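Take the sequences, apply the hints, and build the full model.
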Amino acid sequence: MNATIEISLPSQLLSKVQKLINDGLFKDLNDFFETAGNYYLERHTDEMWETYVEHEIKAGLHAEYI
Amino acid sequence: MQNISNAAIADAGPLIHLDQMGWLFVLETFSTVWVPPEVAEEATRHRPHWKDSAPANIHIEAADPLAKQWWEAERKFVQLDQGEKAALALWRSHQDAVLLCDDLQARTVAQEFGVPVMGTLGLILRAAQFSLRSIPEIRATLTDLPRRSTLHLKPALLQRVLDSLPEE
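Top to bottom, those sequences are chains A and B.
Residue 47 in our numbering sits at position 47 of the first sequence, with consecutive numbering throughout.
Residue 77 in our numbering sits at position 77 of the second sequence, with consecutive numbering throughout.
These are calculated hints, taken from the structure and not from any lab test.
Heads up, some of the hints might be wrong.
[As the list claims (entries may be wrong)] Taking beta-carbon pairs under 8 Å as the criterion, some of the chain B residues facing chain A (in silico):
# : residue
1 : 98
2 : 125
3 : 161
[Said to hold, decoys possible] Far from chain B, some chain A residues (derived; all Cβ distances over 10 Å):
# : residue
4 : 1
5 : 14
6 : 30
Being a predicted model, the structure only gives us computed values, none of them experimental.
Beta carbons are placed, not taken as given, at the ideal position from N, Cα and C, and that holds for glycine.
Below, the structure is given as C-alpha cells:
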C-alpha cells in the first residue's frame with residue numbers, strides 16, 4: 001500500500017533528478033524517491049549508527065581508531 | 001595536552017560538518033591532513049568558503065592512480081562515491097594516517113581493510129583529549145550539532161556521546 005506525501009526540494013536538486021528521469025534511469029519522481037529512500041535505509045541501519053557512535057567515543061576520547 | 005601525532009586523510013563529510021560548526025580548527029591536532037582534490041571539490045560545492053577557515057596543515061594531494069586501481073578492484077568499493085574512493089586510495093600512500101569519514105558504508109569498507117577511522121563526533125571529542133576547548137564548550141557544540149550541521153543523528157545516540165564526556 002502506498003501513501004501520498006508532498007515535499008519541498010531545492011529547485012537545483014529537482015532539476016538533477018528530473019534529468020535522470022528524462023534520461024530514462026527512473027520511471028518518475030515516485031520511482032526515484034522510493035529507490036533513494038531504500039538506498040539510504042539499507043546503508044544506515046540502527047546497528048550501524050550504534051557502532052558509529054561507540055567507535056567515535058573511543059576514537060575521540062581514547063585515540064582508539066580500529 | 002596530547003602531542004600532535006597522527007596524520008589524517010579527510011573525506012568531505014567531516015570537512016563540511018566541522019565548517020558548519022566553525023570547528024575546522026580541531027584538525028590542527030593532526031600533523032598533516034591530506035585532502036584529495038575530489039574531496040576538496042565536494043566540500044567546496046557544499047561549503048564554498050571552507051578553505052578560508054581551514055588550518056595551515058591541510059594539503060591537497062591526489063591519490064596514486066595505481067592505488068585507485070587497487071581499490072577499484074574491490075567489489076564493495078563500487079558503492080562508494082568519488083571522494084571516498086579517492087580518500088581510501090590516498091591512504092595507500094599514507095598508511096600511518098587516520099581516515100576522517102562520516103559515511104557509514106565507507107567506514108565499514110575502510111575498517112575491513114584495517115584503515116583507522118574517525119568522524120565528526122570523534123573530532124569534536126578530540127578537542128577534550130587535546131584540551132583545545134573546555135568540557136562545557138564541547139558539550140554545547142555537540143548539543144548544537146543537529147541544529148547547525150547536516151550530520152543526522154538520533155537524539156538518543158547524541159545523548160550517549162554527551163554522557164561519554166568526562167566530568168567538568
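Under the constraints set out in the numbered hints, which ones does this structure not fulfil?
Those not satisfied: there are none.
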